[in-house]
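K.L.:
Fit chain B to the supplied structure of chain A, relying on the hints for placement.
Each chain, written out:
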Amino acid sequence: MVNYIWAGLAIIGIIYAMFNGTMEEVNQALFSSAQEAVTLVIGLVSVLIFWLGLMRIAEKAGILSMLATLFKPFITRLFPEIPKDHPAMGYILSNFIANLFGLGNAATPMGIKAMEEMKKISNSNHASRSMITFLVINTSSLTLIPTTIIAIRIQYDSAAPTEIVGTTIIATFITTIFAIFVDRMFHLRRERNKKK
Amino acid sequence: MSLISTISVWIIPIIVMSILLTAVVKKLPSYELFVEGGKEGISMAVSLLPYLLGMIVSITIFRSSGAMDALIDGFQPILRLIGIPSEIVPLSFTRPLSGTAALAITADLIKVYGPDSFIGRLASTMQGSTDTTFYIITVYFGAVGIKKMGDALKVGLIADFVGIITSIIIVSMVFSN
Chain A
1 MVNYIWAGLA IIGIIYAMFN GTMEEVNQAL FSSAQEAVTL VIGLVSVLIF
51 WLGLMRIAEK AGILSMLATL FKPFITRLFP EIPKDHPAMG YILSNFIANL
101 FGLGNAATPM GIKAMEEMKK ISNSNHASRS MITFLVINTS SLTLIPTTII
151 AIRIQYDSAA PTEIVGTTII ATFITTIFAI FVDRMFHLRR ERNKKK
Chain B
197 MSLISTISVW IIPIIVMSIL LTAVVKKLPS YELFVEGGKE GISMAVSLLP
247 YLLGMIVSIT IFRSSGAMDA LIDGFQPILR LIGIPSEIVP LSFTRPLSGT
297 AALAITADLI KVYGPDSFIG RLASTMQGST DTTFYIITVY FGAVGIKKMG
347 DALKVGLIAD FVGIITSIII VSMVFSN
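Sequence lines, in order, name chains A and B.
1 is the number of the first residue of the first sequence in the working numbering; add one for each residue after it.
197 is the number of the first residue of the second sequence in the working numbering; add one for each residue after it.
In short, the hints are calculated from the structure, not lab data.
For each residue, glycine too, the CB sits at the ideal point set by N, CA and C.
It is possible that part of the hints are untrue.
Said to hold, decoys possible - Sample of chain B residues facing chain A (criterion: CB under 7 Å; computed from the structure):
1. Thr218
2. Lys343
3. Ser363
In isolation and in its complexed conformation, chain B is listed as follows:
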């Protein structure tokens, strides 16, 4: 554990140092370059805002109306039939939509069922094994003004589904006792 936490603490400062060191060795105007690149960050954030705001508002309406819970309840019998525990259903629906919401649900599951329970381990693995498909697609396509998204969303969602199934199988296999 101490090794992993040390690595996670060290990695960013080490990357920063290596970049700056290389710049100094190559006699580049590092500060000026930093400012120049950083300016792009401001315009990027501003152009991101409408994409994020739109998506977040829509998802929150869906969730706060209770429609999301109803949807989950409706799916539960089918999911239980193919072996997906109903406790993780809300997480699997939220994971592609919102990273922060999914993280909140994962934390809640870990709290309620315990980190070392089947559900706790499954939620932990699921959270890490797929990413927020909708967020990534809106942000990346939005930032460069792509209107036609092709198959990206379809493939992303298929991958999310596979991620959930894979997590269930692997957690059951590794932690079966």
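So that you can see chain A by itself, here it is in the shape it has in the complex:
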């Protein structure tokens, strides 16, 4: 699906440009956006090195497994495929916790480690059930304090920059619950199809 969307966006864009005289903009965008991606990744390198370094210490110090024990009852229900004491649990939790605190940059490396551990469990290049659940929770966002938005609101002289924290938390909560629910539905559908 991603292949079609990816190719489709570019193809439609270029065809549209043919008929609307925006070819010059497209031509420019081709090169400037590639450059932009490289800059973005260079920006990520520093964060990745720092947080992965730190997380290695946390892992060896037993902090991740400690957190995992703390939240185990909740998380095992979401990820029934993952054995209770597996390191994947610790990474999943660190990813969720980092997301909750708005540490998007810290969440990504831990999320990738979680995916690596889950891949060790499934040992295939197909997405496993736990991977899908994990990503769905991530894409539905887990935000407690939307710091960037608050900063922008302050910048534009809001009378109450933080008044949207409440609505954001409620919206996030409902969306995440719904996402978990839809994920379960899709899982059940897959199981049914397998049996047939």
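P.N.:
Same frame as chain A, but now just chain B:
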């Protein structure tokens, strides 16, 4: 406000300190472990680059050709019918595709309509209540070499749509006066 900004400033240093403190207490070679883990960051970033570059280029072509604006214009009458304000249509299409682009649109909406307007509050809530589905899926699946993504993208996009609707309902309810 001061409490929240204090928390957001303190949280990262506190996490760093707790991790290092635990390492020292447990007599672990903290610096060596840091370097060892950090090395992984380099290879990770390098392997991420093609995934990100490909997606960003494709989205930018779509946007800069004007096709995205045309798509938005086409959808506007339908969206208005189900109560989605047309001002936030570009944001709702961009949010799953690109976090930075969506943030730019949100900032623009806040600037144009004012942070305390309905649109300003809605854009703020929407930005926080869903995440960049395409980015997350490409990065996470890409990093571990998953070829078959299953239902992840479908479920993610459904969740995004629900996030937009939920934001509209909640912002209308909370700030109706």
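K.L.:
Hint by hint, note whether the structure agrees.
P.N.:
Hint-by-hint comparison with the structure:
1. Thr218: At about 4 Å, which falls below the 7 Å cut-off, the nearest Cβ of chain A leaves the hint on B/Thr218 intact, so it holds.
2. Lys343: B/Lys343 check passes; min Cβ-Cβ to chain A is 5 Å, inside 7 Å.
3. Ser363: Result: holds, 5 Å to nearest chain A Cβ.
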